[in-house]
Amino acid sequence: MLDFAVVLEPDNLKLYGEGLLTTVKLLVISLACGLAASVPLAVLRVSSNRLASLPVWGFTYVIRGTPMLLQLYLIYYGLSQFALVRESAAWALLSDAWFCAMLALAINTCAYTTEMLAGALRATSHGEIEAARSMGMNRFTLYRRVLLPSALRRSLPAYSNEVVMMLHATSLASTVTLLDITGAADRLYSTYYMPFEPFIAAALFYLALTWLIVRLFRRFERRYLAYLAPRTH
Amino acid sequence: MLEGYTAYIVAGASTTLKIALSSLAVATVLGLVGAACRLAGQPLLNRSAEAYSTLVRGVPDLVLMLLVFYGGQVAANSLLESLGLPAVDFDQFIAGVLTLGFIYGAYLSETFRGALLAVPRGQWEAGWAYGMSRPRVFLRIVLPQMIRLAIPGYTNNWLVLTKATALVSVIGLQDMMYRAREAGAATREPFTYLLVVGAVYLMITTVSLLLLRALERRTSAGVRMGEM
Chain U
1 MLDFAVVLEP DNLKLYGEGL LTTVKLLVIS LACGLAASVP LAVLRVSSNR
51 LASLPVWGFT YVIRGTPMLL QLYLIYYGLS QFALVRESAA WALLSDAWFC
101 AMLALAINTC AYTTEMLAGA LRATSHGEIE AARSMGMNRF TLYRRVLLPS
151 ALRRSLPAYS NEVVMMLHAT SLASTVTLLD ITGAADRLYS TYYMPFEPFI
201 AAALFYLALT WLIVRLFRRF ERRYLAYLAP RTH
Chain D
234 MLEGYTAYIV AGASTTLKIA LSSLAVATVL GLVGAACRLA GQPLLNRSAE
284 AYSTLVRGVP DLVLMLLVFY GGQVAANSLL ESLGLPAVDF DQFIAGVLTL
334 GFIYGAYLSE TFRGALLAVP RGQWEAGWAY GMSRPRVFLR IVLPQMIRLA
384 IPGYTNNWLV LTKATALVSV IGLQDMMYRA REAGAATREP FTYLLVVGAV
434 YLMITTVSLL LLRALERRTS AGVRMGEM
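Keeping their order, the protein sequence lines are chains U and D. When you line the first sequence up against the numbering used here, it's residues 1 to 233, in that order. When you line the second sequence up against the numbering used here, it's residues 234 to 461, in that order.
In short, the hints are calculated from the structure, not lab data. Note that the coordinates shown come from a computational prediction; the quantities given were computed from them, not determined experimentally. Note that CB positions come from ideal geometry on N, CA and C, so glycine has one too. Honestly, I wouldn't trust all of these hints.
[Said to hold, decoys possible] Here are the computed distance ranges between Cβ atoms for each label pair:
no.: 1; chain 1: D; residue 1: Q275; chain 2: U; residue 2: N49; range: 37 to 47 Å
no.: 2; chain 1: U; residue 1: M137; chain 2: D; residue 2: Y241; range: 56 to 66 Å
no.: 3; chain 1: D; residue 1: L442; chain 2: U; residue 2: M165; range: 52 to 62 Å
no.: 4; chain 1: U; residue 1: W57; chain 2: D; residue 2: A447; range: 15 to 25 Å
no.: 5; chain 1: U; residue 1: T177; chain 2: D; residue 2: I327; range: 24 to 34 Å
no.: 6; chain 1: D; residue 1: R369; chain 2: U; residue 2: N49; range: 36 to 46 Å
no.: 7; chain 1: D; residue 1: V262; chain 2: U; residue 2: A83; range: 44 to 54 Å
no.: 8; chain 1: U; residue 1: L225; chain 2: D; residue 2: A244; range: 27 to 37 Å
no.: 9; chain 1: U; residue 1: Y192; chain 2: D; residue 2: V262; range: 49 to 59 Å
no.: 10; chain 1: D; residue 1: G364; chain 2: U; residue 2: L156; range: 32 to 42 Å
no.: 11; chain 1: D; residue 1: R280; chain 2: U; residue 2: S48; range: 45 to 55 Å
no.: 12; chain 1: U; residue 1: M165; chain 2: D; residue 2: P368; range: 29 to 39 Å
no.: 13; chain 1: D; residue 1: L442; chain 2: U; residue 2: I29; range: 29 to 39 Å
All chains, full assembly: derive it from the sequences and hints.
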C-alpha cells in the first residue's frame, strides 16, 4: 500500500537532506543562544531583589503562556506593520525567515531554560552555600564555582526534554516558508499529492534525531552526574 | 482598535476553547486506556501502548497533524470505498480534535502511568482482600487516589495542549490564530491582531492555572505534606 519509491528518488532524498541540515542548524544555533542568555536570566530570577526577579518572571510567563507559533508570526509577519521597523537597519534581518525562526526559537527556549535553571538553583542544598560562604567566597565566586556548576549539572535530565521539545518546535519553521524536514515533506506532499509517505519519512527523521538526543544526554548524565548516582559497593 | 473584527476574533476564541476542551476529553480517555494497558501485565497490550506513547512523543505535533489530517481522510475514504460506501468529506473540526486528542493521549498516558504507579500497592491488595475484581479495584480505589497525583502533570499537558491548538490554523481550521492572521492581513495590522490573540492565550493559561491550583488544594485536603 505504501510506496516509498518517490521519497527515495535522488532529488527528493536531497530535499530531505537539505531539510535535515536546516533543522539541525536551527536547533543548534537557537539552543546555544537560548542557553547563553538563560544563565544570567536565571541568576536574576532567583535574586531576592524583586526589581531584578519580577521582569524575568514576566518574560518567562508571557513566553511560556503563549504558543510558539504565535511568537513566530508576531516576529515574521507582525513586525512589518511598523514603518519604523521597516526603515530600520534591522529590517534586513527581520524580513529574513531564517533569522526570524531562529530568533523565535531562541527566545522560546531561553524562557523555558531560565525557569528550569532557576528551579535547580533554588534546589541547591543550604549546606553547600554555607560551606562556600565560610570559605570566604564572595557572591560572584559563589555563583561561578558552586551554584552554577552544580545547578547546570542537575538540570541535565530536564534539559534533555527541553532539547527534544525544541527539535519538535523547529518544525514550525516550515510555516514561514523555510525548507526544514517538515517543509521538505510538505513540498513532496503538494508535488505528488501523497499524504502518507512524505510525512512518515519526516516522522522517521525526527524519531531518529530524538533517539540520538536522548542517547547523547544519557551519556552526558553518566559523566556529569556520576557523583549523584547511587553508590555501588 | 479592532475595526469591527472583534466578533470575528471572539468567535475564533470560542473555536479554540472548544477544540482544546474536546481534544482534552479525547486525550484523557486515550491516556487512561494507554496507562491501563501499560500496567495490565499483558505483554501485547503493554507493547502496543508503549509503542503508541514513544512514537507519538518522538515526532513533532505539526508533522503528526499533517499526517493524520491529510492522510487520515484519504485512508478513511479508501476504507469506505473498499466497503462499497460513498466517500465522505470529513468535518475539519472533528479531524482536528481527533488528531490533537490522539497526540496528547500519548503524553497523558505517561502522566497517568506515573500517577498510578505512585498509588501504594497495598491499596490494590486491600481491595482484593475485600473480594473486589481487578477492574473494580481500579475504578473504585486506585483511580480516585491517582487523580490527586496526576493533577500537576495534567495541568501541564492541558497548557501545552491549549497552545498546540494554534497548529490547527495551519490546516485551515478557523481558530483564533487563523482569524488573527486573516484580520491582520485584511487591515494590514498583523501585529495588533496577533498581540490581542496572544493576550487571550495568556488569559486562558492564567485562568487554568488558578482553577487547577484550587482543584489541587481540594483534592489534597487531608493529605499530610512533609513537614519542614
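I want to verify a distance hint. Is the separation of the beta carbons of U:T177 and D:I327 within 24 to 34 Å?
Check passed, 29 Å falls within 24 to 34 Å.
Indicate whether the distance between the beta carbons of D:R369 and U:N49 respects the range 36 to 46 Å.
Given about 56 Å between the Cβ atoms, the range is violated.
Between the beta carbons of D:Q275 and U:N49, is the distance compatible with 37 to 47 Å?
Because 56 Å falls outside the window, the suggested range is violated.
Per the hint of 32 to 42 Å, is the separation of the Cβ atoms of D:G364 and U:L156 within bounds?
Roughly 48 Å apart at Cβ, these two residues miss the hinted range, so it is violated.
Quick one: are U:W57 and D:A447 within 15 to 25 Å, going by C-beta?
Check passed, 21 Å falls within 15 to 25 Å.
Hint says 45 to 55 Å; check whether the CB-CB distance for D:R280 and U:S48 agrees.
holds (51 Å)
Return holds or violated for the Cβ distance of U:Y192 and D:V262 against the range 49 to 59 Å.
Given range 49 to 59 Å: violated, Cβ gap about 36 Å.
Does 44 to 54 Å hold as the CB distance between D:V262 and U:A83, or does it fail?
holds (51 Å)
With respect to the beta-carbon atoms only, verify the hint that D:L442 and U:M165 lie 52 to 62 Å apart.
violated (19 Å)
Starting from the hint 29 to 39 Å, judge whether the C-beta atoms of D:L442 and U:I29 obey it.
Check passed, 32 Å falls within 29 to 39 Å.
Between U:M137 and D:Y241, is the Cβ distance one that fits in 56 to 66 Å?
holds (59 Å)
Look at the Cβ atoms of U:M165 and D:P368 and judge whether their distance stays inside 29 to 39 Å.
holds (35 Å)
Checked against the numbered hints above, the structure breaks hints 1, 3, 6, 8, 9 and 10 and satisfies the rest.
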